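Colleague: So the chains spell out like this:
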Amino acid sequence: MNLKFLKDAFIIAELKAIPDLKRNPSMILLIAVISSFPLFYLLVFGGSLSYGLVGAMVATISFIGLAAAIQDISQDRYVKIREMIVAMPVNSISYALGVALGPLFISAPGLIFFMVLAVIQGALPVWSIGWAIASLLLCWAAGSSIGFIISTYLQRASVYTLNNIANIIGLGLVFIAPVYYPEEILGSLRWLSIVVPTSNTAGLIRYYAGTMQLPLNMVLIRWLALAATVVVSMIIVSFKAKWRET
Amino acid sequence: MNVEAIKTEDLSKTYSGKQPVQALKGVSLSIKKGELFTLLGLNGAGKTTFLKIVSTQLSPTKGSAYVLGSEVMAQANEVKKHIAVVPQDVLTYGNLTPWEYCYYFSLLRGKSKHETEKVSQKALKAVELWDLRNRRCLELSGGEKKRAIIATALASDAAILLLDEPTSGLDAVARRKVWVALRELVEQGTTILLTTHMMEEAEILSDRLAIIDKGSVIAEGTPEEIKHLAKEKFRVVIEGNAHDLNLEGNSRTKLGSKEIVYVPDEDQALELVKTSLKKGVKAEAARVTLEDVFVKLVGRGEEA
Numbered sequence: 001m002n003l004k005f006l007k008d009a010f011i012i013a014e015l016k017a018i019p020d021l022k023r024n025p026s027m028i029l030l031i032a033v034i035s036s037f038p039l040f041y042l043l044v045f046g047g048s049l050s051y052g053l054v055g056a057m058v059a060t061i062s063f064i065g066l067a068a069a070i071q072d073i074s075q076d077r078y079v080k081i082r083e084m085i086v087a088m089p090v091n092s093i094s095y096a097l098g099v100a101l102g103p104l105f106i107s108a109p110g111l112i113f114f115m116v117l118a119v120i121q122g123a124l125p126v127w128s129i130g131w132a133i134a135s136l137l138l139c140w141a142a143g144s145s146i147g148f149i150i151s152t153y154l155q156r157a158s159v160y161t162l163n164n165i166a167n168i169i170g171l172g173l174v175f176i177a178p179v180y181y182p183e184e185i186l187g188s189l190r191w192l193s194i195v196v197p198t199s200n201t202a203g204l205i206r207y208y209a210g211t212m213q214l215p216l217n218m219v220l221i222r223w224l225a226l227a228a229t230v231v232v233s234m235i236i237v238s239f240k241a242k243w244r245e246t
Numbered sequence: 001m002n003v004e005a006i007k008t009e010d011l012s013k014t015y016s017g018k019q020p021v022q023a024l025k026g027v028s029l030s031i032k033k034g035e036l037f038t039l040l041g042l043n044g045a046g047k048t049t050f051l052k053i054v055s056t057q058l059s060p061t062k063g064s065a066y067v068l069g070s071e072v073m074a075q076a077n078e079v080k081k082h083i084a085v086v087p088q089d090v091l092t093y094g095n096l097t098p099w100e101y102c103y104y105f106s107l108l109r110g111k112s113k114h115e116t117e118k119v120s121q122k123a124l125k126a127v128e129l130w131d132l133r134n135r136r137c138l139e140l141s142g143g144e145k146k147r148a149i150i151a152t153a154l155a156s157d158a159a160i161l162l163l164d165e166p167t168s169g170l171d172a173v174a175r176r177k178v179w180v181a182l183r184e185l186v187e188q189g190t191t192i193l194l195t196t197h198m199m200e201e202a203e204i205l206s207d208r209l210a211i212i213d214k215g216s217v218i219a220e221g222t223p224e225e226i227k228h229l230a231k232e233k234f235r236v237v238i239e240g241n242a243h244d245l246n247l248e249g250n251s252r253t254k255l256g257s258k259e260i261v262y263v264p265d266e267d268q269a270l271e272l273v274k275t276s277l278k279k280g281v282k283a284e285a286a287r288v289t290l291e292d293v294f295v296k297l298v299g300r301g302e303e304a
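Just so you know, the sequences run in chain order U and S.
Sequence positions in the first sequence follow this note's numbering and run 1 to 246.
Sequence positions in the second sequence follow this note's numbering and run 1 to 304.
Just to be clear, a hint being listed does not mean it is correct.
List of simulated lysine to aspartate or glutamate pairs, EDC-like, C-alpha gap at most 16 angstroms [unchecked claim]:
#: 1; chain 1: S; residue 1: K62; chain 2: U; residue 2: E14
#: 2; chain 1: S; residue 1: K274; chain 2: S; residue 2: D244
#: 3; chain 1: S; residue 1: K113; chain 2: U; residue 2: E14
#: 4; chain 1: S; residue 1: K122; chain 2: S; residue 2: D171
#: 5; chain 1: U; residue 1: K80; chain 2: S; residue 2: D89
Worth flagging that the hints you see were computed from the coordinates, not collected in a lab.
Please read all numbers here as calculations on a predicted model, not as lab measurements.
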């Protein structure tokens, strides 16, 4: 296995995340606070805190993942860092992976915080942590790859337009989809929660935590749907993405 | 075997679209190892397109380009090991410091942390940014930001630097600091290809240069050789009433109250100065500049 490929991805992720974290550590707090807003409403107006904590975990990892995939790529084009990297011995996949990994560094503290809280609250049994992490990682990959589709197909859009699109889609995926509330509310539209990676992930975590019942075949379908989102998105990206201009 | 640092053969590029634009038309150039070669041209002449193709960022429509013997399309990965690029109008990430720029970009070249720290320090000192190394780019002036990016390219330790208008936007002092750093690199064996539309930069810095106009190379050689391409080797700047000086037949450029008169040799230049002074008109003779020749070659000067 080519270790430089992975090493480069981590260097790019570090370049994207660590200076920002060093100079703006409040970013961690901001992400955690945004993700915990719905918890406040659940506490005040009533609702299941265990559902809310799962939602906060999903929100922490997916909102910034998607936004960063769009914003970082467009920003890199704008400041021409991308041009410098294209002319370097760096693989395009390493670059994409690095761009996606960067926000993971930033959201990790918030994610760990909500995960610990969920374990303490009994919303996430210790034995289900591994499943939760696996589904969250796939959710991160799905969010990032959706972000890559947008940044690839809207190359001519301004950085500001792309920022707005990133925020609108991110907010929709996290706060409108059944991430903080039970998907059963959707009734006949419940299938939508499988299609949307954030609510799908929330459903899987709840299943492994024992707070939502699902037949085994549906669990499998959910995992496949998450993986398919990543694969299909990357295929769509590959049609348009060009490392070298033509 | 003495392989050229950069060689292009019949390099052409047409940007497709509703109205296709032919940016390069059969450019064949050869740049030796260890020389500073300048592509001089007006905006839109094709300089950036040439540089992008050589730096593996852009596919040519026709022709080939080689870097240290490796073809830029077929052996792009090999080419990338030997080059570092400073794009035109490059901006910086506000939260990164010059040190972080050099450090991370150097790490991406597969260097060890120790090596990276060494080359980063050397590069930042070369562009006189060492004292500002830990300041965020957000807090740096435009010139300092530009120097941070140039330092990033220097820290690559690449054999060939491809610099697209590296000093545009810099003040005279900052520009000269960059020039000194670039010339030092060339003395140490680095090959530099830079593009510019600044004549003084091309004249002072270049070992050799090519003038590119509308996608074609129209002249190539040392700055002195290029200057010899002009029929008139001297210029006389006349300030005041030049009507009585009988300048018919001379190539001239009028600049308000001043007039630049081009003459073939020194004797005629001195003669014109004498005549002018006798008639009470200020006059000063000098050799033609690269800019004079450039304007004549691209044929867009405002001749009187």
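Colleague: Take the hints in turn and mark each one as holding or not.
Modeller: Hint check results:
1. K62(S) / E14(U): It is violated: about 39 angstroms lies between the C-alpha atoms, which goes past 16 angstroms.
2. K274(S) / D244(S): Holds, at about 13 angstroms.
3. K113(S) / E14(U): holds (14 angstroms)
4. K122(S) / D171(S): violated (23 angstroms)
5. K80(U) / D89(S): holds (8 angstroms)
Hints 1 and 4 from the earlier list are contradicted by this structure; the remaining hints agree with it.
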